[in-house]
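Position chains R, Y and Z against the provided structure of chain F, taking the given hints into account.
From first to last, the protein sequence lines stand for chains F, R, Y and Z. Here the working numbering is used: the first residue of the first sequence is 26, the next is one more, and so on. Here the working numbering is used: the first residue of the second sequence is 26, the next is one more, and so on. Here the working numbering is used: the first residue of the third sequence is 26, the next is one more, and so on. Here the working numbering is used: the first residue of the fourth sequence is 26, the next is one more, and so on.
Worth flagging that the hints you see were computed from the coordinates, not collected in a lab. In this text, all values refer to a predicted model and were calculated from it rather than measured experimentally. There may be inaccurate statements among the hints.
Because identical chains share one entry, a pair is satisfied inside a single copy or across any pair of copies.
[As the list claims (entries may be wrong)] With a straight-line cut-off of 27 Å between C-alpha atoms, the simulated DSSO-like cross-links for lysine-lysine are:
hint : residue 1 : residue 2
1    : K185      : K153
2    : K315      : K328
3    : K328      : K185
4    : K304      : K330
5    : K41       : K188
6    : K57       : K161
7    : K57       : K41
8    : K188      : K57
9    : K304      : K315
10   : K261      : K41
11   : K57       : K330
12   : K161      : K185
Number of protein chains: 4
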Amino acid sequence: MSHEKSSVNGQAQGLKRVKVAELDQILGVVFKVLDDGFIRVIDYMGSDESIVKAARVSYGQGTKIVHEDRGLIRYLMRHGHTTPFEMCEMEFHIRAPMDCWRQWIRHRTANVNEYSTRYSIAIDATQKTRPDQWRKQSAANRQGSSTFLDSQTGQTLSEKEQKLHEFSRMVYEERLQVDVAREQARKDLPLSTYTEAYWKIDLHNLLHFLSLRMDSYAQLEIRSYANIIGREIVRKWCPLTWEAFLEYRMNSMTLSSIECNVLKAIISGDSQNAEKIAKEFGWLDRVDRKLKLNRERAEFEYKLKQLGLPIPWEDSA
Amino acid sequence: MSHEKSSVNGQAQGLKRVKVAELDQILGVVFKVLDDGFIRVIDYMGSDESIVKAARVSYGQGTKIVHEDRGLIRYLMRHGHTTPFEMCEMEFHIRAPMDCWRQWIRHRTANVNEYSTRYSIAIDATQKTRPDQWRKQSAANRQGSSTFLDSQTGQTLSEKEQKLHEFSRMVYEERLQVDVAREQARKDLPLSTYTEAYWKIDLHNLLHFLSLRMDSYAQLEIRSYANIIGREIVRKWCPLTWEAFLEYRMNSMTLSSIECNVLKAIISGDSQNAEKIAKEFGWLDRVDRKLKLNRERAEFEYKLKQLGLPIPWEDSA
Amino acid sequence: MSHEKSSVNGQAQGLKRVKVAELDQILGVVFKVLDDGFIRVIDYMGSDESIVKAARVSYGQGTKIVHEDRGLIRYLMRHGHTTPFEMCEMEFHIRAPMDCWRQWIRHRTANVNEYSTRYSIAIDATQKTRPDQWRKQSAANRQGSSTFLDSQTGQTLSEKEQKLHEFSRMVYEERLQVDVAREQARKDLPLSTYTEAYWKIDLHNLLHFLSLRMDSYAQLEIRSYANIIGREIVRKWCPLTWEAFLEYRMNSMTLSSIECNVLKAIISGDSQNAEKIAKEFGWLDRVDRKLKLNRERAEFEYKLKQLGLPIPWEDSA
Amino acid sequence: MSHEKSSVNGQAQGLKRVKVAELDQILGVVFKVLDDGFIRVIDYMGSDESIVKAARVSYGQGTKIVHEDRGLIRYLMRHGHTTPFEMCEMEFHIRAPMDCWRQWIRHRTANVNEYSTRYSIAIDATQKTRPDQWRKQSAANRQGSSTFLDSQTGQTLSEKEQKLHEFSRMVYEERLQVDVAREQARKDLPLSTYTEAYWKIDLHNLLHFLSLRMDSYAQLEIRSYANIIGREIVRKWCPLTWEAFLEYRMNSMTLSSIECNVLKAIISGDSQNAEKIAKEFGWLDRVDRKLKLNRERAEFEYKLKQLGLPIPWEDSA
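The shape of chain F in the complex, shown without the other chains (with noise of 0.2 Å):
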């Protein structure tokens, strides 16, 4: 705010627009992803510097002396002060499969221009499968898909999806031709048809999507787009975010209450009272003397790994 206010009384009020020369030389060029489907960046406002410099409007003059930029970022990303990454904005050009952007939509606080097929007719593409790329249902995510079909069943799959892919469009275009309306002739393309549009979003809300998309758990399709926006975009926009996003968020570990009692019981030493626990909440019961799933338990156990610990109760199995 010094800064500002000598600005203000002084002459030079003059500002530069923020820039970014990284990300400058990628402006526009297209990042391709899945088949036939790519993301731009069209335009972009602020830059890691803009953040530090709406906290500091919040924070005041006292900050200054405490923290230099990145420690207030990672500080900001720490304790979930969200406002400072709001300031800064990209517009993206994405052109995706329908049935992919119909997740993509579902993050509300954007604004998007898509392309329409009421005033225009329909992007003759949609997205193609190739024999070794048809994915098995996951046994264990009921959401989620594991490994791929044998190549053979997948030639088949892929020979199938052509035909089902020129009957649509060959279905479309006759509609067309005998003068259906657009909005309607469109009824019956295939969820893999390409559409366009142009996204525009703030960093915040960005940071929020590649949460949830570029997560194990998202849909392949809609992951290939997060994976991109993360790595060479915001990666190079915002490097200080990008860095915190990676260490407090993507790759952090939350354990529930009842997970840090059993944990600490572990920890002590006490296994005894850590599957005392852990029976209580009904993590320990029993078919047939074998555990039965339980999520939660499974979630808990992973964490165990990961931190190096044994699992109190499988010896017990």
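Only chains R, Y and Z this time, still in chain F's reference frame:
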């Protein structure tokens, strides 16, 4: 506020929930829309009375004397005081084709839980078009439709539609049978596939939705839902608000500053001046002595007709 | 889109950031408002050109031929197609009295970082009123002010104001001196105390802010800021949008369905019918043969005046 | 969904509104906060049951078997599936000092109607501080307070406070007496002046509000309101959600990737490696052989204490 105050200081602090008897009768009842869609009210909060109460916390006691409820609601609607309408909330259960839902979801200030085709098998229903329901592309309006195609052409189109629906579903089910992940198997479902969702929105934003989607320019499909929401549901829920909405928004006429100027000249009988203003504004450009198409002029001419006034430049054509 | 496509397939994918030269000249420059407030542009994203580009992704190639830029922006504004305007964003640095800021912050769709009086000592400045600036309560408008008080009364009021400001500040500083927490010490600062903030908002929401806060019913203080934002900043930033905004929103006239009916009757020369409609609607109730005050009628009479039309019921009064 | 379907096809389509008996008993009841504030529930929509129902529309029938209600709500909370919680909504009537309200209103995703001091005379009540309630500035936390000042100093401060309140009110009323507009007369009211508002928010956003405002870092005043909302109201409204919220959010512990690494080293007994990692990260910088203040290290040390673990670098200090 005086009432609130006394209740606060007194003992009888209890409140009963606001109820709307006419709405309670249709709670959960299915309103059929399109060939296989519906809309139902699941729950609601507030009423005309709640709007009045919220407005009075803002305007204070004085307003009590001046306005009775109806007058106050009309005043709020007329002057764009929108926050009291936000105090009412409604939750719907909707079944609509995905193509229609794509438009619906663009209204961001709402809460949504949609049926997930990652978790569950897609609903086995697609929007079907009867032979007499195929709409022609509008010539005047790039995004609209006009009259219907002849029934013979319609017959052919409906048959092809059925084939496409059957083929799409077969492909979908074949994929599931060989254990393709649901999230991937769905990729080629047609946009006409029905989905379901819970949708919750406040009355202010619902009225905004209705003003856009009951409009004659809205696509027929979403307009069918909007009309039922407005005429069958909101009308019963908040009758005073509904009446004011129709009068001040749906059936109102807005004149731009140019239109005001031209109208004033016409009213004063000075049609020469009216033409002069219109000309300066580029409304009367001609090609081969014929007036060029000008959308803004056409809109104004329509307003003149509604007001029972002649079009000054028609004679000169 | 065609342009985008070619750039995508070609090599020259780079884009340059959108710049507005006239705006760049006032970046950071202080516009003084009130006795000690200001507003400055810190950064921006987009321009008229960006709006056009975003609209064209929606409307597709076809629109290119029909509309040139100005026409397209006017069309968007006239028909309430608001999403393209959301692609522009501006960040301001504001210094305003807290009382004014209380109104400002009610606009929710914006990003804010305000000076924190928990972290820092409150800004030592309050909005002061000159003896000739004290405004009388409006009789017509419960929430407004009208003319000024006489300067002698004003003198007394300004002196009292100064005493109160001095006493408040003294109390504040005494508290700080005995080490009261800043968050508590500030509790009795007057609402006239200046605060500062960074405020970021998209153009669509900024125009909504301006339509409410440039209105003659808005409080003088916030109106002073709004006028500068509109006339000095937005006008330079997006001149085509600003022109369309003035014409289709700020200076437009909206007629309710009742007003349309009465107007139509007046225009047709049937003032008896005009009166009949107005009467049915409760506009012409009388007490002792005099027309009762009716706000809606008064608003309509003002519109008639603007259109150069006589008031049918005046003669009969 | 199966239940919904059958109801849709059958005759018995009616639904009854969701009620929460324990909440109905406190509807409208005043919960006193601070010296003259309060909070009351005006209306609500939804319950734990509604959350479950909304989640099941997303996850489909399959989830019915796996999860019972409590387990499903816990799963949603643990994994950040927030949309089902948005289906619940609550409306409050709040009376709070303006200074406190300034913080409150920063939560943007809510609906608000506040008492207007443009329309009505300001509420004649200010938050008063008892001699034993004056809080000292925290040394550790720039934005916080710690212990209380001695009662003698408190006495002086409270007396001065009263004088300031009386003087402010006198000035305000003198202005009104000479007919200064209410909107201007109010300009020097102290921030401690009470205001009232209706505030409506969905449960997801309410929990976010509570997670920030029940936190020990939140200012005492707003924390007093948040505690009552959480412990007296939400606990009764949605008991399963409340329990899950406490366990997975309020009382959870988050470890950054660095903290995980250091913790793992400590757990494995390799405190040398733990120190090495901490050192590399800048946690162990020293001045005159004493560890420099490092906020992130201090936060981690606190977590170690909670887990019953020693601090590796303490001995070496």
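Here's how the hints hold up against the structure:
1. For the homomeric pair K185 and K153, the shortest alpha-carbon distances inside one copy (11 Å) and between copies (23 Å) are both at most 27 Å.
2. Taking the closest pair of Cα atoms, K315 and K328 come within 27 Å of each other only inside a single copy of the chain (21 Å); across copies the shortest separation is 34 Å, beyond that limit.
3. Neither within a single protomer nor between protomers do K328 and K185 lie at most 27 Å apart by alpha-carbon distance, with minima of 43 Å and 54 Å respectively.
4. Taking the closest pair of Cα atoms, K304 and K330 come within 27 Å of each other both inside a single copy (20 Å) and across two copies (25 Å).
5. Neither within a single protomer nor between protomers do K41 and K188 lie at most 27 Å apart by alpha-carbon distance, with minima of 56 Å and 42 Å respectively.
6. In this homomeric assembly, K57 and K161 come within 27 Å of each other (Cα to Cα) only inside a single copy, at 25 Å, whereas the closest approach across copies is 37 Å.
7. Taking CA atoms no more than 27 Å apart as the test, K57 paired with K41 passes between copies only; the shortest distance there is 20 Å, against 33 Å inside one copy.
8. Taking the closest pair of Cα atoms, K188 and K57 come within 27 Å of each other only inside a single copy of the chain (25 Å); across copies the shortest separation is 35 Å, beyond that limit.
9. In this homomeric assembly, K304 and K315 come within 27 Å of each other (Cα to Cα) only inside a single copy, at 14 Å, whereas the closest approach across copies is 45 Å.
10. Taking the shortest Cα distances, K261 and K41 sit within 27 Å of each other both inside one copy (20 Å) and across copies (17 Å).
11. Within a single copy, K57 and K330 get their C-alpha atoms no closer than 36 Å, and across copies no closer than 48 Å, so neither meets the 27 Å cut-off.
12. Taking the closest pair of Cα atoms, K161 and K185 come within 27 Å of each other only inside a single copy of the chain (17 Å); across copies the shortest separation is 32 Å, beyond that limit.
Of the numbered hints stated above, those contradicted by the structure are hints 3, 5, 11, listed in ascending order.
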